[in-house]
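In the order they appear, the protein sequences are chains L and Z.
In case it helps, the numbering used here puts the first sequence at residues 1 to 311.
In case it helps, the numbering used here puts the second sequence at residues 1001 to 1315.
Derived from the structure by calculation, the hints contain no laboratory data.
A portion of the hints provided could be inaccurate.
Which stretches of chain Z does chain L cover? Using the computed rule of at least three CB atoms under 8 Å from a CB of chain L, they are [claimed, not checked]:
1. 1163-1177
2. 1249-1260
3. 1290-1304
By construction, the Cβ of each residue, glycine as well, lies at the ideal position given by its N, Cα and C atoms.
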Amino acid sequence: MTEIAAAMPEETASLGPLGVLLPGGAAAPDHGAPKKRLGIFFWICAGWIGLIILVALFANLLPLPNPDFQNFAAPQNGAPGWGHLLGTDDLNRDIFSRLLFGSRVSLIVGFGSTAIGLILGGIPGMFSAYRRGRVDTLLNTVSYIVLAFPALVAVIAIGSFWGHQLWKITVVIGVFSAPLIFRIIRASTLSYASRDFVMAAKALGASDSRILAREIFPNILPTIVSFGLIAVAGVIVLEGTLAFLGLSVPPPTPSWGNMLNEGASLLAGGPGQNNPWLVIFPAAAMFSLLFTLNVVADKLRSHFDVTEVKL
Amino acid sequence: MGRYIAKRVVLLIIIVFFVSVASFFLVHLLPGNPAVAILGPNDTPQNSAILNKQLGLDHSLWVQYFIWISHVFRGNLGQSFTTHQTTTNILANSFPIDIELIVFSQLMAFAVALPMAMTASRRPNRLFDQFSNSTAFGFLALPPFVIGPVLVLLFAVHWRVFPGPASYVPLTQNFWSNIHTMLLPSIVLALGSIVLYFRLLRNDLISTLQEDFITMARSKGLTDRRIMWRHALRPSSVTLLSSAGVAIAGLIAGTFVVELLLQLPGLGFQLISSINQDDYTVVQGITLVVAVAIVLIQFFFDFIFTVVDPRIARD
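Can you build the whole structure from these sequences, using the hints too?
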């Protein structure tokens, strides 16, 4: 059974892309390997995410009906067609318009909560790993305790008492994503904190904050970006789950989770009353965003040679 | 080893304490006064004073916490404001549904993921491996709240292979009809687990199959099947087992989604309807029980795993 030692989860898995660090020729890959490319698939996926972000930003400028407008001239649960590209929902609202405006909730919560998590978890993670000592031990234990909390239950409970406004959901999810981000950034920083170039900077009299910002940060940036994108996808799933349970931003605000909730609740009515498009379109939109985020994160990770870290 | 276990138990107690404090104080984050919510139109100063005394709300918060927690230890989680059922009773009726869903879905997940990973790892990067790998990657982007409604639309509403929402019958009442109803939600839950188990097991199997003892077994002339089952599988399941606790805890979000989707009266369904009715005692009770259950499941798997493989305790 000793062979499996390599597969054992290790606390401080090293994240170090060694090749990036070693000076010039020493780390040069053999047979003059061609420069790594991200590939066309990566750019298609990144482009799709960019398009969704653009549409979310400028949805107001597009020639769309108001997403909350109940157009009684339009059919209820109408099929896709020229008047309403993706049809209408049970309240005669335009599904296409609601879909485009609904992307805002996913994107704001996804990127907003991750940013909060990076500030609350990432910065302490870097300092904690660099300074070590008692503060590190304390923060480490605290992160374990918070991680053991079932995040979904905690977020549901806090939301139900505090309220379901967009910014509150963003803050609560951000706070609960901080311990995981803390652990990733801490493990990543640890693998650089005692490297020779850090020692050299120290010997030259560089201040701690300068070392963290100029020596360590550029090295852990690939980890931050690739794991950050996975965190964005994870947060979007959490918000979508909450919305599906009716515990995120309340209707009539359009969001993909809310639309899936409405579509799913109509399914109980049987074939006559349900609106399949109200399930299919938001599901497809959610899938496309999560899938492209996963692809981009995955390609970046292998491009920068970031190995998976065990938490 | 003993030290390691002792350390874990201390951590467990700390976590359970924090979980209980959090579940308790959440009620007091609520704007306003529970007595007002309960009394509604009968909210006179006299009535609310009596009710506050009955609910023990005239004590300080920490005293209230200790009264509450001592009730919890005696199995008394309070009573619903709306249905006057005890929370313990609600839990006893709904918990079995979650357990059934989790057991079913995990059986399905292993039945699919195990042969899939074995076939894929036998010839890495060949057709089947690439196909199943990219399929698994795609399914990563299909969480239960996305794939669930689509599967219900297809299999329950369109083709009517499975019963639709609100057709739950207790296991004790009609066994086969219960199984039939639970199949679809279990499939929704199983999909996520299949992806996870497949990815972990495939990676470990590929590295195990390159070990010397496998070459040794091959040179002795053992069949591929025997090598896979008797020699490669056990050492390759370490990562899988070590993540089982976290994986099962992660299923809770999925069970909430399918319960709401198909209106199965499980824990998630009860929790959400209590939230919608401002039934705070029940919310508090369910939150506490679910949170503690998840913490215990994770601890249990950690513990089992340390006993199976003592090297973990050494770190």
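Hints versus structure:
Counting residues of the stretch 1163-1177 of chain Z whose CB lies closer than 8 Å to any CB of chain L gives 3, which reaches the minimum of 3, so the coverage claim holds. Counting residues of the stretch 1249-1260 of chain Z whose CB lies closer than 8 Å to any CB of chain L gives 6, which reaches the minimum of 3, so the coverage claim holds. Proximity of the stretch 1290-1304 of chain Z to chain L, defined as three or more residues with a beta carbon under 8 Å from a beta carbon of that chain, is established by the 5 residues found.
In the structure shown, no violation is registered for any of the earlier numbered hints.
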